[in-house]
Amino acid sequence: MSGVFPQLNLLPLAELQARFRAAPPKDPDLEGDYQLWYEELAVCIRKRDADEGARFLREEAARADPDRLASIFLALAWFGESDRAHADVLIEGLHNPDEHVAARAIDGLASVGGRGITEHILALSADPRELVRSAVLRFARQVLPDRAAKLLLDALGDPHYIVRENAIDELDELDYTPALPGIQALLTDPHPHVRQAALTAIANLARGT
Amino acid sequence: MTTTRIRGIALLLTVLVAALGLTGCLGSGPDKQERARANTMLSSALSELAGTPAVHYRGTPPGSAAGTAVDMHVTSSGASLGTVQLGGTHLRVLAVDGKRFVLADAAFWNRHGVVQPSLARAYARRWVQIGRRSIAGFPELRTPAQLAAWVRKTADPDAAQASEATVHGVRVTRIDLGDGAVYLSAASPRRVIRLQGPQKPAGGARTAMVLALPVAMAASPPAPGSGVMDISEPDAEQSDALFDDMKQQVDKLDNAVDSQVRFTNAPAFSCAQGGRCTASTSANIVTGEGQASGTVHVTLNASMTALGQTLQCSAVSTVAPNATARLSCGASFQLPRVSAPVTVPVVGRLYTTAKANIAIPKIKKALVREQGRNQRAVQRRPNAADAPPKKPSKKACSTAIKLLTDYARVYEKVKKRPMPRKVEEQLDAKREAGTITSNDLPGSIQRNFPGELEGYTLDEIRALCK
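Chains as they are written, first to last, in our numbering: chain A, 1 to 209; chain B, 1 to 466.
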């Protein structure tokens with residue numbers, strides 16, 4: 001069910017699929033964020049009929065644009081099944097030139113069983129695209145928590161604020177209290193989101209010490 | 001001695017959902033803050049209801065005709081199984097693949113236009129497919145999402161007022177909506193547990209809004225104020241049993257008949273000298289809703305009695321909808337030798353039926369798949385409202401609170417673009433009210449939400465996590 005577009009919750013599967021194939025609505029409130037529209041649609045399709053929805057989305061992946069493809073990856077990984085067919089589609093997305101798509105593929109593989117290609121994914125931590133580097137941090141925390149700390153601590157010094165922010169959040173999720181000094185140093189980060197993430201993480205981690 | 005099938009079945013369906021009667025807000029009423037609180041609770045519970053994989057409706061749909069009661073399970077796909085009581089008759093009801101079937105006694109069919117006793121008896125032994133408007137007073141089988149949408153659409157937010165009440169000995173929250181009410185579980189996540197219709201007949205300036213559709217051709221008009229219908233969610237075990245039962249019943253659809261198919265001519269029979277009797281029919285097939293193509297399997301059934309002997313025969317033919325079916329069958333009586341011709345009276349009971357066009361393997365496969373999805377969904381849903389939730393883990397608490405308060409930042413860090421302002425404003429309003437839940441979040445954030453706290457409001461999570 002979509003909380004963002006509740007009108008989708010009442011549509012039959014066929015109508016949801018038709019809308020997924022159609023052009024996005026000309027709604028100024030979307031502010032051009034068509035990926036959000038397709039994400040909510042794809043998740044609705046998957047929730048409405050997990051198997052048929054997945055089959056449809058895998059088929060659509062072959063001809064989808066980046067917005068749709070990223071949304072397909074989100075929906076395929078929704079139930080976290082360790083499904084080879086899902087994983088194959090996601091692996092194909094790893095090297096997509098669009099960073100949103102590649103990042104979402106990594107996120108998806110963390111959910112559906114990317115264990116066979118962990119080294120391959122970790123190597124993407126040097127990717128020039130910040131969304132991809134961020135996704136690798138999330139992947140590492142979920143799939144390789146024992147090895148994630150070093151990667152996350154290193155990422156606190158990443159030049160892009162999104163990567164630093166993701167690193168803080170993942171250290172928080174990892175409950176990694178030794179990171180507190182490094183995170184405290186980012187309370188003066190130039191980007192407000194990094195400062196906000198640091199504040200939240202410090203509060204959460206401090207409660208555990 | 002001949003018959004057609006259902007003649008003049010003129011039935012109309014009532015709606016399972018009943019009525020929230022509501023009025024405009026004139027003069028005194030709940031103040032703005034009180035209304036907002038009630039509406040927030042109602043909205044949250046309706047969101048929960050919309051996401052429910054299956055519901056169990058039990059009671060009298062408010063606004064329905066007197067004597068109507070239901071005990072039905074309806075899944076999110078619309079598959080349904082249960083009983084409906086209509087004016088003292090208990091009907092077993094099955095809905096699958098967008099088709100509805102009823103199992104009723106012969107008296108019921110006789111009252112509903114099946115004038116031929118033998119046909120009514122034939123109907124009584126099997127599932128009979130009916131159309132949406134076939135039976136007066138028959139409830140509409142709304143899925144949880146449809147029911148939630150319906151209540152949302154018909155509820156008057158200006159009349160909403162919350163109070164404490166008791167249902168089956170359990171403390172609950174009643175959202176009064178003028179002439180009707182919705183009862184919600186007191187514990188979180190709030191669930192809709194009862195719908196109640198108007199307490200008094202509509203009249204004057206007060207316009208009662210009826211949750212049930214009017215019964216267009218029912219014998220009696222809806223009885224306002226009579227409807228109380230309880231709503232509950234089957235647990236995993238009950239849900240499994242429901243699907244197993246549905247699959248068993250689907251197997252029995254193999255001999256189901258379609259009451260919507262009509263025949264323009266009645267079958268007849270004739271007997272020749274020597275005792276050979278032949279039943280035959282030549283009738284145009286007029287199909288009901290949803291079958292303009294495909295094929296219709298027609299059966300001619302004949303039972304002929306003479307001199308204490310009863311002989312039966314049948315014939316089957318497959319024809320296109322709206323084509324002409326020609327069928328005949330015969331049987332020979334063993335007549336005693338006589339010295340001069342005599343006339344022997346023969347009583348024939350003849351009727352034609354159309355086999356319901358059902359793809360049983362396909363339906364069963366769909367049910368198996370839905371059963372699997374349903375199991376996953378039930379397992380993912382928060383604990384039942386009346387069971388105190390377990391203390392969540394510290395990590396679950398901090399993650400849930402972060403996602404429910406810092407959603408704009410989280411959205412941007414994953415997507416490298418700000419959340420659309422309108423979406424953020426809607427979430428901000430819910431966050432400020434403390435009513436935001438994981439269900440309100442975009443999927444890209446929702447997927448990381450801790451399962452044990454799904455569906456709880458921010459205020460409730462804060463309270464649980466203290």
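No wet-lab data here; the hints were simulated from the structure. Keep in mind that a hint or two might mislead.
[Unchecked claim] Computed cross-link-like contacts, SDA-like style, restricted to lysine to any residue with a CA-CA straight-line distance of at most 25 angstroms:
#1 B:Lys-364 / A:Ile-202
#2 B:Lys-416 / B:Ser-393
#3 A:Lys-150 / B:Ala-396
#4 B:Lys-416 / A:Ala-123
#5 B:Lys-153 / B:Ala-429
#6 B:Lys-466 / A:Ile-202
#7 B:Lys-430 / A:Asp-29
#8 B:Lys-466 / A:Arg-207
#9 B:Lys-395 / A:His-193
#10 B:Lys-395 / A:Arg-195
#11 B:Lys-416 / A:Gly-182
Mind listing which of the numbered hints don't hold for this structure, in increasing order? 1, 2
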